[in-house]
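J.: Going line by line, the protein sequences match chains H and B. Under our numbering, the letters of the first sequence match residues 5 to 120, in that order. Under our numbering, the letters of the second sequence match residues 4 to 112, in that order.
In short, the hints are calculated from the structure, not lab data. Note that the coordinates shown come from a computational prediction; the quantities given were computed from them, not determined experimentally. Possibly wrong hints are sitting among the right ones.
[Said to hold, decoys possible] Below are the BS3-like pairs computed for lysine-lysine, each with C-alpha atoms no more than 25 angstroms apart in a straight line:
| no. | chain 1 | residue 1 | chain 2 | residue 2 |
| --- | --- | --- | --- | --- |
| 1 | B | Lys-6 | B | Lys-111 |
| 2 | H | Lys-13 | B | Lys-59 |
| 3 | H | Lys-13 | B | Lys-43 |
| 4 | B | Lys-6 | H | Lys-61 |
| 5 | B | Lys-44 | H | Lys-13 |
[As the list claims (entries may be wrong)] Simulated DEER-style distance windows between Cβ atoms:
| no. | chain 1 | residue 1 | chain 2 | residue 2 | range |
| --- | --- | --- | --- | --- | --- |
| 6 | H | Thr-19 | B | Gly-56 | 45 to 53 angstroms |
| 7 | H | Pro-43 | B | Gln-83 | 24 to 32 angstroms |
| 8 | H | Gln-21 | B | Ile-57 | 33 to 41 angstroms |
| 9 | B | Ala-81 | H | Gly-7 | 35 to 43 angstroms |
| 10 | H | Pro-12 | B | Ile-57 | 41 to 49 angstroms |
| 11 | B | Gly-56 | H | Gly-7 | 32 to 40 angstroms |
| 12 | B | Asp-20 | H | Thr-19 | 42 to 50 angstroms |
| 13 | B | Ile-57 | H | Leu-120 | 46 to 54 angstroms |
No residue lacks a Cβ here, since even glycine has one placed at the ideal position from N, Cα and C.
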Amino acid sequence: NAGVTQTPKFQVLKTGQSMTLQCAQDMNHNSMYWYRQDPGMGLRLIYYSASEGTTDKGEVPNGYNVSRLNKREFSLRLESAAPSQTSVYFCASSSTSGGPGANVLTFGAGSRLTVL
Amino acid sequence: EDKVVQSPLSLVVHEGDTVTLNCSYEVTNFRSLLWYKQEKKAPTFLFMLTSSGIEKKSGRLSSILDKKELFSILNITATQTGDSAVYLCAVANNNDMRFGAGTRLTVKP
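Take the sequences, apply the hints, and build the full model.
T.: Here you go:
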């Protein structure tokens, strides 16, 4: 059972480039989330999808877009990367439908993104 | 604004020691408090607490919540090197989940 799978694990971008982080879960979970983790700041929610077909902004959505492609997959896109987006990104999922306060999260292994 | 504060930020102990990690919070419409352990990569779930005074226990780890004083503690007894990790506290209401910055625990042999 793979759980939550994120790709790529590492990426280096130049300012202004675009990229998409992919996330897939095989637990038949309803809700999916994207977080970023920066030193000294904890995990901050970027976007979430409370159920298939819906997406909502989290605490720090600026500069990002998301797509809930189907129940399994939730992608995060950086249209024009900036150095401030250098971070470790985590995808997560939850069995319940609902917002980020809903329930226990299962996390992916993280994607380390560096923007030069 | 909702906030979650963990202390200490880092802690170094020797194997066999007992440690207490703290999490205090200010969250409107509190629903639950969760503890996660983060080693190299993905945070993994430890406990979810919703009621005051009821201890959750798993092996050498235990946690308790005080909803009056707005804090939780995570205790680890007889620490082992495998307990070295960042321990994250998160507090949820119906619409949001806020994470603390974490406590980095290092257990030396």
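J.: If any of the earlier hints don't hold here, list their numbers in rising order.
T.: 1, 2, 8 and 9
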